[in-house]
Amino acid sequence: MAKNTIKKDSGFGVAQLILMISIAILVIFVAWPVLLILFNAFFVEGKFNSIDFYNVLTEPETFQALKNSFVIACMTTVGSVIVGTFFAWLVTRTDLPYKTFMKSLFLVPFMLPSFIGALAWKMLLSPHSGYINKMWMDLFNTTEPLFNIYSYAGIALVEVMYLFPFVFIQVCGALERMDPTLEESARISGAGLLTITRKITIPLVMPSIMSGALLIMLYSMAHFGTVAVLGIEQGIYNIPTLIYEKIHQSAGSFASIRTGTVLATVLIASAALIIWTQQKILSKGHYQIIGGKSFRPMELKLRGLRYPLLFFCLAYIGFTIVLPTVVIFLVGGVQTYGLSILDPNNLSLDNYKYILFEYDVTRDAIWNSVTLGLAAAFITMFAGVMISYVIVKMKVRGKGILEFLGMLPFSVPGSVIALGVILAWSGAYGINIYNTVWIILVSYIARYMAFSLKANSAALEQVHDSLMEASRSCGASMWQSLKDIVIPLVKPGMISAFFLIFLPALRELTVSIMLYAPTTRTIGVAIYTLNEDGETVMSTALAGIALILIVLGQMLINHLTKKASE
Amino acid sequence: MSYIRLINVTKKFGDVTAVDNLNIEIGKGECFSMLGPSGCGKTTTLRMVAGFEDLSDGEVWVGDRLLSSPKKRHYTPPEHRNFGMVFQAFAVWPHMNIYENVAFPLRLRNLPSAEIDKRTKDALTSTNLLKYADQSPADLSGGGKQRVALARALAINPDVMLLDEPLSSLDPHLREEMRFEIKDLQRKYGFSIIYVTHDQSEAMALSDRIMVMKLGVMQQIAAPLDIYNNPVNKFVFSFIGVSNFTDMEWRNGQAHIKGASNALPNGIIIPDKVKGEEIFNLASRPTEITFTSSTDPNGVQGVVLRKSFLGEIIDYLVQVGDQEIRVQTGRRDLGPAIGEVCYLNFMRPFWYRVDE
Numbered sequence: 001m002a003k004n005t006i007k008k009d010s011g012f013g014v015a016q017l018i019l020m021i022s023i024a025i026l027v028i029f030v031a032w033p034v035l036l037i038l039f040n041a042f043f044v045e046g047k048f049n050s051i052d053f054y055n056v057l058t059e060p061e062t063f064q065a066l067k068n069s070f071v072i073a074c075m076t077t078v079g080s081v082i083v084g085t086f087f088a089w090l091v092t093r094t095d096l097p098y099k100t101f102m103k104s105l106f107l108v109p110f111m112l113p114s115f116i117g118a119l120a121w122k123m124l125l126s127p128h129s130g131y132i133n134k135m136w137m138d139l140f141n142t143t144e145p146l147f148n149i150y151s152y153a154g155i156a157l158v159e160v161m162y163l164f165p166f167v168f169i170q171v172c173g174a175l176e177r178m179d180p181t182l183e184e185s186a187r188i189s190g191a192g193l194l195t196i197t198r199k200i201t202i203p204l205v206m207p208s209i210m211s212g213a214l215l216i217m218l219y220s221m222a223h224f225g226t227v228a229v230l231g232i233e234q235g236i237y238n239i240p241t242l243i244y245e246k247i248h249q250s251a252g253s254f255a256s257i258r259t260g261t262v263l264a265t266v267l268i269a270s271a272a273l274i275i276w277t278q279q280k281i282l283s284k285g286h287y288q289i290i291g292g293k294s295f296r297p298m299e300l301k302l303r304g305l306r307y308p309l310l311f312f313c314l315a316y317i318g319f320t321i322v323l324p325t326v327v328i329f330l331v332g333g334v335q336t337y338g339l340s341i342l343d344p345n346n347l348s349l350d351n352y353k354y355i356l357f358e359y360d361v362t363r364d365a366i367w368n369s370v371t372l373g374l375a376a377a378f379i380t381m382f383a384g385v386m387i388s389y390v391i392v393k394m395k396v397r398g399k400g401i402l403e404f405l406g407m408l409p410f411s412v413p414g415s416v417i418a419l420g421v422i423l424a425w426s427g428a429y430g431i432n433i434y435n436t437v438w439i440i441l442v443s444y445i446a447r448y449m450a451f452s453l454k455a456n457s458a459a460l461e462q463v464h465d466s467l468m469e470a471s472r473s474c475g476a477s478m479w480q481s482l483k484d485i486v487i488p489l490v491k492p493g494m495i496s497a498f499f500l501i502f503l504p505a506l507r508e509l510t511v512s513i514m515l516y517a518p519t520t521r522t523i524g525v526a527i528y529t530l531n532e533d534g535e536t537v538m539s540t541a542l543a544g545i546a547l548i549l550i551v552l553g554q555m556l557i558n559h560l561t562k563k564a565s566e
Numbered sequence: 567m568s569y570i571r572l573i574n575v576t577k578k579f580g581d582v583t584a585v586d587n588l589n590i591e592i593g594k595g596e597c598f599s600m601l602g603p604s605g606c607g608k609t610t611t612l613r614m615v616a617g618f619e620d621l622s623d624g625e626v627w628v629g630d631r632l633l634s635s636p637k638k639r640h641y642t643p644p645e646h647r648n649f650g651m652v653f654q655a656f657a658v659w660p661h662m663n664i665y666e667n668v669a670f671p672l673r674l675r676n677l678p679s680a681e682i683d684k685r686t687k688d689a690l691t692s693t694n695l696l697k698y699a700d701q702s703p704a705d706l707s708g709g710g711k712q713r714v715a716l717a718r719a720l721a722i723n724p725d726v727m728l729l730d731e732p733l734s735s736l737d738p739h740l741r742e743e744m745r746f747e748i749k750d751l752q753r754k755y756g757f758s759i760i761y762v763t764h765d766q767s768e769a770m771a772l773s774d775r776i777m778v779m780k781l782g783v784m785q786q787i788a789a790p791l792d793i794y795n796n797p798v799n800k801f802v803f804s805f806i807g808v809s810n811f812t813d814m815e816w817r818n819g820q821a822h823i824k825g826a827s828n829a830l831p832n833g834i835i836i837p838d839k840v841k842g843e844e845i846f847n848l849a850s851r852p853t854e855i856t857f858t859s860s861t862d863p864n865g866v867q868g869v870v871l872r873k874s875f876l877g878e879i880i881d882y883l884v885q886v887g888d889q890e891i892r893v894q895t896g897r898r899d900l901g902p903a904i905g906e907v908c909y910l911n912f913m914r915p916f917w918y919r920v921d922e
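First to last, the protein sequences are chains A and B. Residue 1 is where the first sequence starts when you use my numbering, and the numbers rise one by one after that. Residue 567 is where the second sequence starts when you use my numbering, and the numbers rise one by one after that.
A couple of the hints might just be wrong.
Claimed, not checked - Taking lysine-lysine and the DSSO-like style, the derived pairs with C-alpha atoms no more than 30 Å apart in a straight line are:
1) B/LYS637 - A/LYS301
2) B/LYS638 - A/LYS301
3) B/LYS824 - B/LYS839
4) B/LYS754 - B/LYS697
5) B/LYS594 - B/LYS638
6) B/LYS697 - A/LYS199
7) B/LYS800 - B/LYS780
8) A/LYS399 - A/LYS454
9) A/LYS491 - A/LYS395
10) A/LYS301 - B/LYS578
11) B/LYS594 - B/LYS578
12) B/LYS800 - B/LYS841
13) B/LYS594 - B/LYS754
14) A/LYS199 - B/LYS684
15) A/LYS199 - B/LYS687
16) A/LYS99 - B/LYS578
17) B/LYS578 - A/LYS103
18) B/LYS800 - B/LYS824
19) B/LYS697 - B/LYS684
20) A/LYS99 - A/LYS562
21) A/LYS483 - A/LYS563
22) B/LYS594 - B/LYS780
23) A/LYS454 - A/LYS393
24) A/LYS280 - A/LYS454
Stated by the list, open to error - Listed next, the stretches of chain B that the computed footprint assigns to chain A, with coverage defined by at least 3 CB atoms under 8 Å from CB atoms of chain A:
25) 637-648
26) 654-662
27) 669-678
These are calculated hints, taken from the structure and not from any lab test. Where is the CB? At the ideal position from N, CA and C, for every residue including glycine.
Construct the complete structure from the given sequences, taking the supplied hints into account.
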């Protein structure tokens with residue numbers, strides 16, 4: 001009897017095997033590359049050298065990039081909080097007409113990759129050739145452009161346009177779930193709407209606002225696309241664009257790798273700090289504000305402002321979404337960049353036909369992105385299910401290590417992963433897959449592991465242990481219970497993980513730009529490099545195709561998730 | 567004497583009439599309960615008094631103040647009504663400590679700070695919360711949170727206190743305790759209470775008068791004992807306490823329990839209103855039926871189907887004809903066994919038409 005128990009506890013069974021595999025996956029794909037970055041940043045010729053780290057950090061170029069990343073991230077965050085909170089309040093707490101429809105409209109910016117948005121804004125507002133600026137200068141006979149998008153403000157504005165939904169979603173959720181009687185009791189106590197908003201509503205949704213803000217902060221600091229499209233021309237570099245510049249132009253010299261790793265280390269540290277703060281805020285300030293009875297929360301009557309505000313919302317969407325999209329499709333249709341896009345004679349579908357069927361670069365790019373996305377989604381989905389299962393459900397010794405490793409993917413930004421993957425897989429450790437698609441696949445798996453872990457562990461937490469126990473007590477083996485009980489119940493989580501990976505992978509730029517070779521461009525890389533090479537029209541046409549793919553993919557998700565929830 | 571007046575109050579949500587032409591007068595210092603199943607319109611009525619819902623028609627008055635009247639285009643917003651209100655889900659603000667929660671309504675009234683402090687402490691003392699003043703509401707249990715909500719409502723010394731199922735989030739033991747606390751506070755402060763509940767015993771224990779509502783329509787307004795002794799219809803009868811409704815039929819001019827071979831004894835008086843009916847109902851409460859001997863001229867013969875011992879009482883199910891009747895007695899030792907023939911004595915039968 002006693003022997004039996006001992007055997008069960010210390011034997012090397014299936015559970016340990018799964019744990020080992022899970023740890024191995026996270027170590028190989030995430031932890032090891034990150035460790036290599038830290039090692040390269042702090043060790044010179046095998047010796048710890050923090051002075052050199054400091055020296056690299058204070059080089060004017062590096063320091064400026066750090067400052068830029070920080071300034072742009074702050075501006076973007078403040079802007080997004082204002083825009084996101086205002087629209088969230090408008091669609092949840094006022095009698096704005098067509099509120100539900102407007103709410104879904106405000107989520108559309110999520111679909112537009114910000115570097116494609118940046119590309120459109122470049123065409124609209126570049127100081128001398130931007131359509132709007134040209135029109136402005138012609139109209140008022142001036143040489144001063146209306147707005148120069150190649151600036152900090154321009155970069156931050158474009159980022160706000162496409163990132164504010166992070167705040168919007170969080171605040172909408174909080175305002176909708178919040179118990180209306182919290183506000184009603186303030187009202188019956190004698191508080192007017194303004195006082196309630198100031199003293200009750202805003203303090204209560206503050207944790208949600210902060211958590212959305214930090215998410216944007218993290219995203220913006222490590223964001224490549226917008227700054228690359230709008231900043232490089234004016235010499236505005238942030239951390240990811242400088243890492244890219246260093247790696248790309250000096251072809252992997254030691255000094256540039258070192259600068260890259262030092263910058264990446266700063267990104268890792270800031271990401272860790274941001275995530276830590278976010279968790280602190282969420283755990284400390286996470287009030288139980290979800291109510292019992294569901295009476296509609298009170299709505300501010302906008303009265304005369306109802307339609308003007310509706311018009312303002314529509315104008316905002318029109319200006320930030322419709323206008324750039326239209327410009328993308330129109331410019332993608334002209335024969336040569338510079339011809340008027342308003343003249344139907346200049347427009348045709350020839351470019352689209354060309355890049356889809358004849359032009360090798362774009363054809364390859366679409367093929368690469370689709371296959372890479374599918375492969376990364378499949379592998380990461382299954383790896384994520386296994387790892388989350390160990391973390392959420394299994395009681396096995398050594399799980400703590402896995403829980404710690406499982407946190408890592410959440411705090412490692414894309415450009416860090418790309419750099420780490422270069423260090424790890426370029427032959428220094430026996431395997432050289434640099435310049436092949438495999439290195440991109442490896443980095444996608446590392447980059448999107450966080451999404452998969454999140455979706456799958458959320459799904460697994462819904463499956464109560466007793467369901468599995470009930471099945472075991474009916475005589476099913478562990479594998480049988482997994483197959484017949486657990487897997488069917490977590491299937492929605494797996495499907496959503498799949499698409500959460502596939503869709504962003506389709507438009508990925510930050511990682512692939514650091515890893516591509518001439519034949520392994522992805523859609524994002526192709527759009528970016530074609531634009532750099534002056535092939536504006538081809539680049540824009542490909543961006544148009546990418547937008548169509550993204551919208552179709554999103555529609556497919558919506559269809560599938562609706563079906564799954566029925 | 568009447569202080570709060572609801573005159574022809576009606577609320578429509580689209581085509582649905584949630585509250586239909588309600589007329590209520592509530593006295594100063596009275597505790598008035600609105601009782602009914604969910605969806606009967608009681609909460610909507612309370613929210614109209616509070617000012618959270620517009621009226622579709624009618625008027626709400628408190629004293630000589632008109633609060634709502636769509637016809638006269640008059641509406642006083644909730645923040646100007648000077649009411650206290652306590653909600654089911656406590657609605658205690660989690661980002662303020664207990665003292666600040668209670669002081670909040672006073673601060674809004676721009677009182678001198680010494681007065682705010684005094685009245686806050688008074689309200690906290692009345693609800694036994696003074697020693698928790700600096701703590702966060704999150705540290706309190708459900709009952710404690712509800713005390714904070716009560717103290718907050720008391721602080722402004724309101725004339726009217728609106729209570730929206732304030733006890734239904736609490737566990738049964740606490741519920742009883744809080745019931746008495748509310749009653750004590752009312753005696754001390756003298757406010758009128760409008761109390762919404764679906765729990766009849768809560769309404770009975772607290773109220774001076776009870777209104778029973780069904781589908782937006784007032785069924786009966788009466789004092790607790792009155793409503794228990796003289797329910798005006800089947801709905802009120804069934805909503806106040808446990809009830810049997812037994813189908814009856816006329817055969818050969820005599821009243822029979824449906825399917826029973828023996829007629830009801832002549833000693834049981836049946837009112838005229840059911841005389842013309844083919845089928846009518848005998849309504850009874852299980853605790854108001856006793857077992858009697860076969861010699862009792864008013865005994866109704868039946869057979870015991872089920873007998874369960876519930877501690878203080880024994881619960882029987884007795885078949886008479888094809889009807890089943892629940893009987894509850896406190897006598898543990900006596901009483902028939904399962905399958906035994908027994909005789910029932912209806913102490914206080916009520917008679918209703920089927921459609922009543």
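The hints, checked one at a time:
For the suggested pair B/LYS637 and A/LYS301, the alpha carbons sit about 20 Å apart, so the restraint of at most 30 Å is met. With a C-alpha separation of about 20 Å, the suggested pair B/LYS638 and A/LYS301 falls inside the 30 Å cut-off, and the hint holds. Using a Cα cut-off of 30 Å, the hinted pair B/LYS824 and B/LYS839 holds, with the two alpha carbons roughly 18 Å apart. For a cut-off of 30 Å, the pair hint linking B/LYS754 to B/LYS697 stands: about 21 Å separates their Cα positions.
A threshold of 30 Å between alpha carbons decides the hint, and for B/LYS594 with B/LYS638 the separation of about 25 Å falls inside it, so the pair holds. Under the criterion of a C-alpha separation no larger than 30 Å, the hint pairing B/LYS697 with A/LYS199 is consistent with the structure, at around 25 Å. Restraint check: the Cα-Cα separation between B/LYS800 and B/LYS780 comes to about 12 Å, which is no more than 30 Å; the hinted pair holds. Distance hint between A/LYS399 and A/LYS454 is fulfilled; the C-alpha atoms sit about 17 Å from each other, no more than 30 Å.
In summary, the hint linking A/LYS491 to A/LYS395 is supported, as the alpha carbons are separated by about 22 Å, within the 30 Å threshold. Taking the CA atoms of A/LYS301 and B/LYS578, the gap is near 20 Å; set against the 30 Å cutoff, the hint holds. Using a Cα cut-off of 30 Å, the hinted pair B/LYS594 and B/LYS578 holds, with the two alpha carbons roughly 29 Å apart. For the hint linking B/LYS800 to B/LYS841, the alpha-carbon distance of about 17 Å falls within 30 Å, and the restraint holds.
Restraint check: the Cα-Cα separation between B/LYS594 and B/LYS754 comes to about 14 Å, which is no more than 30 Å; the hinted pair holds. A distance of roughly 22 Å separates the Cα atoms of A/LYS199 and B/LYS684; the hinted pair therefore holds under the 30 Å criterion. Proximity of A/LYS199 to B/LYS687 is assessed by CA-CA distance (about 22 Å); at most 30 Å being required, the pair is judged to hold. Taken as a hint, the A/LYS99 and B/LYS578 pair is honoured in the structure, with Cα atoms around 23 Å apart against an allowance of 30 Å.
Using a Cα cut-off of 30 Å, the hinted pair B/LYS578 and A/LYS103 holds, with the two alpha carbons roughly 28 Å apart. Under the criterion of a C-alpha separation no larger than 30 Å, the hint pairing B/LYS800 with B/LYS824 is consistent with the structure, at around 18 Å. Restraint check: the Cα-Cα separation between B/LYS697 and B/LYS684 comes to about 15 Å, which is no more than 30 Å; the hinted pair holds. At roughly 21 Å between alpha-carbon atoms, A/LYS99 and A/LYS562 fall within 30 Å of each other, so this suggested pair holds.
The straight-line distance between the Cα atoms of A/LYS483 and A/LYS563 is roughly 22 Å, inside the 30 Å bound, and the hint therefore holds. At most 30 Å may separate the alpha-carbon atoms for a hinted pair to count; B/LYS594 and B/LYS780 meet this at roughly 26 Å. Among the hinted pairs, A/LYS454 with A/LYS393 is consistent with the structure: their alpha-carbon atoms are about 14 Å apart, no more than 30 Å. Only pairs whose Cα atoms come within 30 Å are accepted, and A/LYS280 paired with A/LYS454 is accepted, the gap being roughly 18 Å.
As drawn, the stretch 637-648 of chain B meets chain A at 6 residues by the rule of a beta-carbon pair under 8 Å; at three or more, the given contact holds. For the stretch 654-662 of chain B, the stated coverage by chain A holds: 6 residues have a C-beta nearer than 8 Å to a C-beta of that chain, and at least 3 were required. Look at the stretch 669-678 of chain B against chain A: 4 of its residues bring a Cβ nearer than 8 Å to a Cβ of that chain, three or more, so the hint holds.
In terms of the numbered hints stated before, the structure departs from none.
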